[in-house]
Amino acid sequence: MVDLTTRLGSLELKNPVLTASGTFGYGLEYADFINLEQLGGFIVKGTTLEPRQGNPYPRMAETPAGMLNAVGLQNKGVHHFIEQIYPQIANLNTQVIVNVSGAKIEDYAACAELLAPLAGIEAIELNVSCPNVKQGGMAFGTTPDGCQSVVEAVRKVWPRHLMVKLSPNVTSVVDIALAAESAGADSISLINTLLGMAIDVEKRRPMLSTVTGGLSGPAVKPVAVRMVWQVSKNVKVPVVGLGGICTAADALEFIMAGASAIQVGTANFVNPAATVDIINGITEYCERHGIKNLDEIRGCI
Amino acid sequence: MVDLTTRLGSLELKNPVLTASGTFGYGLEYADFINLEQLGGFIVKGTTLEPRQGNPYPRMAETPAGMLNAVGLQNKGVHHFIEQIYPQIANLNTQVIVNVSGAKIEDYAACAELLAPLAGIEAIELNVSCPNVKQGGMAFGTTPDGCQSVVEAVRKVWPRHLMVKLSPNVTSVVDIALAAESAGADSISLINTLLGMAIDVEKRRPMLSTVTGGLSGPAVKPVAVRMVWQVSKNVKVPVVGLGGICTAADALEFIMAGASAIQVGTANFVNPAATVDIINGITEYCERHGIKNLDEIRGCI
Amino acid sequence: MVPLNEQKPVKKQQLDLRVRSNELLPSGLLHLCLENALGAEMPAMLPGQFVEVAVDKANVLLNRPYSIYNCTSDSLELLVAPLGRASIALQKYIKGEHLRVIAPLGHGFSTEFNTTDKVLLIGGGVGIAPLYYQARTLREKGVNVEVVYGSRTNPDARITDRFKAIAPLHICTDDGSAGFKGLVTQHPVTQACEYNFAQVCGPQKMMESLHKFVSAHNINAEFSLENKMACGLGACLCCVENTTAGNVCVCTSGPVFNYKELTW
Amino acid sequence: MVPLNEQKPVKKQQLDLRVRSNELLPSGLLHLCLENALGAEMPAMLPGQFVEVAVDKANVLLNRPYSIYNCTSDSLELLVAPLGRASIALQKYIKGEHLRVIAPLGHGFSTEFNTTDKVLLIGGGVGIAPLYYQARTLREKGVNVEVVYGSRTNPDARITDRFKAIAPLHICTDDGSAGFKGLVTQHPVTQACEYNFAQVCGPQKMMESLHKFVSAHNINAEFSLENKMACGLGACLCCVENTTAGNVCVCTSGPVFNYKELTW
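Protein chains in written order, with the working numbering: chain A, 1 to 301; chain B, 302 to 602; chain C, 603 to 866; chain D, 867 to 1130.
Okay, chain A solo, but in the shape it has when bound (with noise of 0.2 Å):
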């Protein structure tokens, strides 16, 4: 019998499959293909301090094996979250994670702040890495010291697991990992988007209203990887990976590079039920090959 359950310092999860933010809604869009407490746990779209509107359209091209987006962060904010989507999700039994961004630092403390007294929400992801925002996001996850600030601030105010998200945008993904981790992240999470551009050359203009945009789906994974065995290589908090997870085989390269969990993004769209399948697929290749326990596996590499 394979037991998939997964610790991350803190929190359990029943099996590493998550779901990346900005893929998966707040997984009600998902519960008509799959249900939910199938999940280890999903990731609710990126939410801010106020609504945004996000990007004009359009705000998306497909690129060879991968997709680019521009949504910038559309939400409704905290309050809409808190009021209307939590009741919802809250009693499911998977974990429930939400995604923090902002644009300031306060606007990250006081989102996050907001959600601590929500019972069943065991953690956030403090998304330091969106490319898509003129201010904040992935300038926060450029430097360790911008990094370091965000967590702080948010670790102040924020009692249970604090997941880290990271940008691949970097020279030193790990630099910025070890600031994250000494500011008291409980696990890192990476990668977000690449910052990527595609250009519809009939009609010589780019293919997004904002020019570049972020990139994700297969074509990403094998940075993904390498910046996951990396980072897991270098801190010693749970390392969270995720870049073009599609399949099961996908999910087990990021646990042997050192992941602890894995998150769906891209392939949400494709496959509605890849989480599902990816789960089945992992305890298909634990029994094949006599893994009781992924621990067996993970950083092998």
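Think of the hints as simulated: they come from the structure by calculation, not from any bench.
Just so we're clear, the structure is a prediction, and the values are computed from it rather than from any experiment.
Some clues are possibly wrong.
Short derived list, chain B residues pointing at chain A, Cβ under 8 Å [said to hold, decoys possible]:
#1 G378
#2 L496
#3 G591
Dumping the calculated DSS-like pairs for lysine-lysine here, alpha-carbon to alpha-carbon at most 25 Å [claimed, not checked]:
#4 C:K862 with C:K807
#5 B:K377 with D:K923
#6 A:K292 with B:K534
#7 B:K377 with B:K315
#8 D:K923 with C:K694
Yeah, the Cβ is synthetic: ideal placement off N, Cα and C, and Gly gets one too.
Mind docking chains B, C and D on chain A? Use the hints.
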């Protein structure tokens, strides 16, 4: 009539299509498939002062819309190039550019100095961005200071066109480009490969002998176009774009993003006539759109 | 938001469908007829809803949204303009081959009307596709419906015959090769305004000019949009339309919008 | 480097080939027969050389190298083990479909021998593929040749019959279901050493043990390697083998190497 003649400062190309170093051998490997003199030019494989055996096998892994390599600059050294290869390609009516790599600044300079007397070699490309050698290579390409010191040293001994090839594995590629420019680069080429990794989960081991390697191919194109766009908006010297170019449309994306010329890399492995197909495709595009000279669309984004 | 006639949400499903027929029509449109590979009934779908199709042969990452041309208890028909990489690859699917389809998706056209209502369906190009299923549905409900179909050139009899069998069809062509020569907006039936509800699907330019027209004449209308989308489920937030209620997802709040919601 | 018998370089070409037949043999191997889509003659290829095939249906980036099972003036035959993504997708190609093929590539087996020479070809699994073309070539030159073919289980008659028609064939199977039960190294014909040249293609483990054997018995031998490669043209430098001359490309210096070059 479409005129594809391209000027990179002092360097004149009959069209903007070059080949990326390490993907086209010494050109001769492709002579069965294309007429090398149809190319704007070709950049021969990374050449170092001393011969290098490169990294152990396995050196390659295919990834979604991309490939990882860990060749590690295997080459027979600059003396071999000068004595054995140069005589075979010197008289071709196309630009032959030598990619110069090294582990130490003195090696770069010594290598460039040995090439300086070679008539017909109008340009070298300085590789400050190879991810697959332990010392040097990418290390020089990830800080403005590192980049500047290599470029300055080579600038002193290399009298003709000096192209500097940058790594994408940095927080701000513009800062590196500006350093290269201020140190005397005549053009900037980018991107070299993204540092990536892949794992064989059935065998539970890395796909590459070196664990990490350089990611190339269509997967990286959005990152490359973005960086070319950023750099070309910020430097005065011409920019040469590369990263996943397989078709004329891909090449035109880079040109619209601001590239003066482009390099075809991984596509040479898939279609040995890719370069000529791209040249023909650019001409066809220009005819269809009534474009007489690529200046009309260059940097239009 | 001006609500569309209320639509009970239908459970979304991933379906394993099999090609029953796949035919390239003379006009260049592709007519694809799918059946449930498992022999089960096709789930109920509403006119104006759409489906997402995984076009494996296209070597693309994302599924592609196509509107529902027709749907019965055992078949789903699509009418596709093979212009993009995925839709071109759709031509390669032959009878018996399988396609993974997510359906039904989105909010369709209003279908509840009074006997005094007169509905005009206006389609341009491949935008005619969802209007057949809508016309059929309205006729089955006894609603008074006519159709204006704009096409660059003489449209496929295979398409027009189906419409003619159920409702008056008015054809416009750009080149005058059939019916009225001119744009759907200029067609006498459109201009006469003897209808109190228009339902529209077609190229952006056509829809914008019709939006102006119905606004000026105070005719209630619905427009079916086709913004580029990644998921079709309301998760990716890529297909947003800037409506009177701000940016909303075309895939879930639409693809059909009341004209008063649109800020064109 | 110990030179192979001299081979005049053959011009490499990109070919548009058409599937003449594609059959999955009972053993699970795929037998693909291709013809020139332009009606032209197949370019001359040497036994032991290989081709690169663009398997579009596999949705992979790189071409795949396959050894040449047989080659005539109007056909190219491949024998493929459908285990990887690309080779599995090769099964989907039906008669009349096209494949882009780059050929011929690499340095093949030696074919110039004296009448006193006795050549033993030893193949394991799908490694038997290039040995048929080699056996045929040697027989046409009147060279004395025998074949040892190791297979997990009873091999395909479609393969063995072709060999039997031209040379003595000795079968070994792991499970004893046909011929000698055991490894090719253990086969009496291999052990007897009544040959002065061995040409080998098969799994790495088998080749290494034969390398040890021929080295111990001072029998001249050639081994065909299948290192992972990107281009097949000597440009990517990915498929290197660490030989006595250092890292050399299997795609151009090989795939066939003399045993003295190999550092196993």
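Evaluated hints:
1. For the restraint placing G378 of chain B at the interface with chain A, the shortest Cβ-Cβ distance is roughly 30 Å, beyond the 8 Å limit, so the hint is violated.
2. For L496 of chain B, the interface hint holds, the least distance from its beta-carbon to any beta-carbon of chain A being 6 Å, beneath 8 Å.
3. Interface restraint check: G591 of chain B against chain A, minimum CB-CB distance 13 Å, threshold 8 Å, status violated.
4. Taking the CA atoms of K862 of chain C and K807 of chain C, the gap is about 17 Å. The hint holds against a cut of 25 Å.
5. Distance check on the hinted pair: K377 of chain B and K923 of chain D sit about 38 Å apart at the alpha-carbon level, beyond 25 Å; violated.
6. A threshold of 25 Å between alpha carbons decides the hint, and for K292 of chain A with K534 of chain B the separation of about 54 Å lies outside it, so the pair is violated.
7. Proposed proximity of K377 of chain B and K315 of chain B is contradicted: the alpha carbons are some 30 Å apart, above 25 Å.
8. For the given pair, K923 of chain D sits about 12 Å from K694 of chain C by alpha-carbon distance, which is consistent with the 25 Å threshold.
Of the numbered hints listed earlier, those contradicted by the structure are 1, 3, 5, 6, 7.
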